[in-house]
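A.B. asks: Sequence:
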Amino acid sequence: MKKTFLSLFLLLAATAVFAQKEMTFTVEGPEKTYNQVRVVNETPYTDFRCRVVVLNDDKTVKEVYGDYLLKEKGDSDSNTKSAKESRIPNGAKLGVKFPKNFQHELSFYVEYRDFPVFDVIVIHLTDKDGGYEE
Numbered sequence: 000m001k002k003t004f005l006s007l008f009l010l011l012a013a014t015a016v017f018a019q020k021e022m023t024f025t026v027e028g029p030e031k032t033y034n035q036v037r038v039v040n041e042t043p044y045t046d047f048r049c050r051v052v053v054l055n056d057d058k059t060v061k062e063v064y065g066d067y068l069l070k071e072k073g074d075s076d077s078n079t080k081s082a083k084e085s086r087i088p089n090g091a092k093l094g095v096k097f098p099k100n101f102q103h104e105l106s107f108y109v110e111y112r113d114f115p116v117f118d119v120i121v122i123h124l125t126d127k128d129g130g131y132e133e
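In numbering that gives the first Met the number 0, the protein residues as written are 0 to 133.
It is worth saying that the hints were derived from the structure and are not from the lab. Keep in mind that the hints are not guaranteed to be accurate.
[Said to hold, decoys possible] Simulated DEER-style distance windows between Cβ atoms:
(1) K70 - G90: 30 to 36 Å
(2) D66 - G90: 22 to 28 Å
(3) Y44 - E110: 16 to 22 Å
Since this is a predicted model, take the numbers as computed values, not measurements. Beta carbons: idealized from backbone N, C-alpha and C, even for Gly.
Put together the whole structure using the sequences plus the hints.
C.D. replies: As structure tokens, then:
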């Protein structure tokens, strides 16, 4: 019974991430801090920019972490911060913003990777309407 409730909760949590209009999330990975954010384009859209921002609790922008240029499907771009002040702590709120002229609706999911030098937050951008064929 516990497994059923846990599965249902995880499914609802994942659905909430995919259905959001706002692209914000709380860093919940296993590391205490992260020093790199990578954005991966898994959409059919090409040559667009986005910006990752660190948010205050009220979702106002605290600081810009980095700007990203994504040229084609499968492309990724990274920003790395080495100073301790620039590291992103676990529990921080992040958001992804797009230029005003970007008209596409996207979804996303997040993963966390631990490499010898980098602790990475990977944001995968996906097409909101790009599900599976029936």
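A.B. asks: Could one say that the CB atoms of D66 and G90 fall in the range 22 to 28 Å?
C.D. replies: 24 Å, holds
A.B. asks: Does the hinted range 30 to 36 Å hold for K70 and G90 at CB?
C.D. replies: 33 Å, holds
A.B. asks: Regarding Y44 and E110, is the given constraint of 16 to 22 Å on their beta-carbon distance met?
C.D. replies: Taking Cβ atoms as reference, Y44 and E110 lie about 21 Å apart, which means the hint holds.
Hint violations for this structure: none, all hints satisfied.
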